[in-house]
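K.L.:
Quick note on the UniProt record's numbering: the sequence shown kicks off at 1 and runs consecutively.
Derived from the structure by calculation, the hints contain no laboratory data. The C-beta atom is built at its ideal place from N, Cα and C for all residues, glycine as well. Among the hints, a few may not be true.
What the hints assert, rightly or not - Label-pair restraints from in silico Cβ distances: (1) Met-39 with Glu-140: 53 to 63 Å; (2) Gln-33 with Asp-113: 35 to 45 Å; (3) Met-187 with Leu-107: 36 to 46 Å; (4) Met-39 with Thr-136: 16 to 26 Å.
Stated by the list, open to error - Derived DMTMM-like pairs: lysine to aspartate or glutamate, alpha-carbon spacing no greater than 20 Å straight-line: (5) Lys-115 with Glu-236; (6) Lys-115 with Glu-125; (7) Lys-182 with Asp-132; (8) Lys-206 with Glu-140.
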Amino acid sequence: RLATLDLLPVQWLLTRALSSSMLSLREGCTECQPEECPMPRGCLAGTVRDACDCCWECANLEGQICDLDNTNHFYGKCGEHLECRLDAGDLRHGEVPEPQCACLSHLALCGSDGKTYAQICRFLEAAHAHPDTNLTVAHEGPCESEPQITSPPYDTWNITGQDVVFGCEVFAYPMASIEWRKDGTEMLLPGDDPHISVQFRGGPQKYEVTGWLQIQGVRVTDEGTYRCFARNRVGEVVALASLTVFTPVDVI
Numbered sequence: 001r002l003a004t005l006d007l008l009p010v011q012w013l014l015t016r017a018l019s020s021s022m023l024s025l026r027e028g029c030t031e032c033q034p035e036e037c038p039m040p041r042g043c044l045a046g047t048v049r050d051a052c053d054c055c056w057e058c059a060n061l062e063g064q065i066c067d068l069d070n071t072n073h074f075y076g077k078c079g080e081h082l083e084c085r086l087d088a089g090d091l092r093h094g095e096v097p098e099p100q101c102a103c104l105s106h107l108a109l110c111g112s113d114g115k116t117y118a119q120i121c122r123f124l125e126a127a128h129a130h131p132d133t134n135l136t137v138a139h140e141g142p143c144e145s146e147p148q149i150t151s152p153p154y155d156t157w158n159i160t161g162q163d164v165v166f167g168c169e170v171f172a173y174p175m176a177s178i179e180w181r182k183d184g185t186e187m188l189l190p191g192d193d194p195h196i197s198v199q200f201r202g203g204p205q206k207y208e209v210t211g212w213l214q215i216q217g218v219r220v221t222d223e224g225t226y227r228c229f230a231r232n233r234v235g236e237v238v239a240l241a242s243l244t245v246f247t248p249v250d251v252i
């Protein structure tokens, strides 16, 4: 999949170069001769008419620079479900804004391949990249699936008396719950231990939840393997990380 997608931008550039070359040879727009038009290939955002409204060429993808209006034809037009916008945030930071293609929808979709797409534009990119799969929209909203741990806890170490924090970021629909456990114990953390705390919040992205396990004033007995469990009604996943604890004498 990655190898195929890597070649597509090259095909897009070649198609645009051929189309631009033909326009230059005409020295402007003349009578349209469709049989002279190059066939665009690998167009992930679909196709649009060129500046002369004659040949088809690859449309610009989400995030690509685009022509804001029809007064010039340099960067190209945006594809399906996309519009050319100026980012006002650039103005606030004193930067020169560049018009970019932005998706008109932010509604997640479930594809017939069982994958969740952030919005229709991402779905269409996948459909155009693999036309032989006949990808369709199964329904609006994410696909129901077991949780995915998008940012797992990482192995760490510290010195006794210092604080340690493990994080676990989970995407799921239906939303997931997060639990923390330490290998060798049956009790859910934090249990009744006052120097261990657990926190949760929604995000950072839609359909995500993040949990943290904090150990304050870490002790030698806190050393071990900690597990983040994420579950919903569809399934459960787990990610683990180890904590190594040193005493001040160990690091001298």
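K.L.:
For the pair we were handed, Lys-115 and Glu-236, check the Cα-Cα distance against 20 Å.
P.N.:
holds, 17 Å
K.L.:
Verify the proposed pairing of Lys-115 with Glu-125, using a straight-line Cα cut of 20 Å.
P.N.:
This hinted pair holds, its Cα atoms lying about 13 Å apart.
K.L.:
Indicate whether the distance between the beta carbons of Met-39 and Thr-136 respects the range 16 to 26 Å.
P.N.:
holds, 25 Å
K.L.:
Taking the beta carbons of Met-39 and Glu-140, is their distance inside 53 to 63 Å?
P.N.:
violated, 34 Å
K.L.:
Is 36 to 46 Å right for how far apart the beta carbons of Met-187 and Leu-107 are?
P.N.:
Check passed, 41 Å falls within 36 to 46 Å.
K.L.:
Take the C-alpha atoms of Lys-206 and Glu-140, compute the straight-line distance between them, and say whether it is at most 20 Å.
P.N.:
holds, 14 Å
K.L.:
Is the hinted range of 35 to 45 Å satisfied by the C-beta distance from Gln-33 to Asp-113?
P.N.:
holds, 40 Å
K.L.:
Given the hint that Lys-182 pairs with Asp-132, test it: the Cα-Cα distance must not exceed 20 Å.
P.N.:
violated, 47 Å
The earlier numbered hints that this structure contradicts are 1 and 7.
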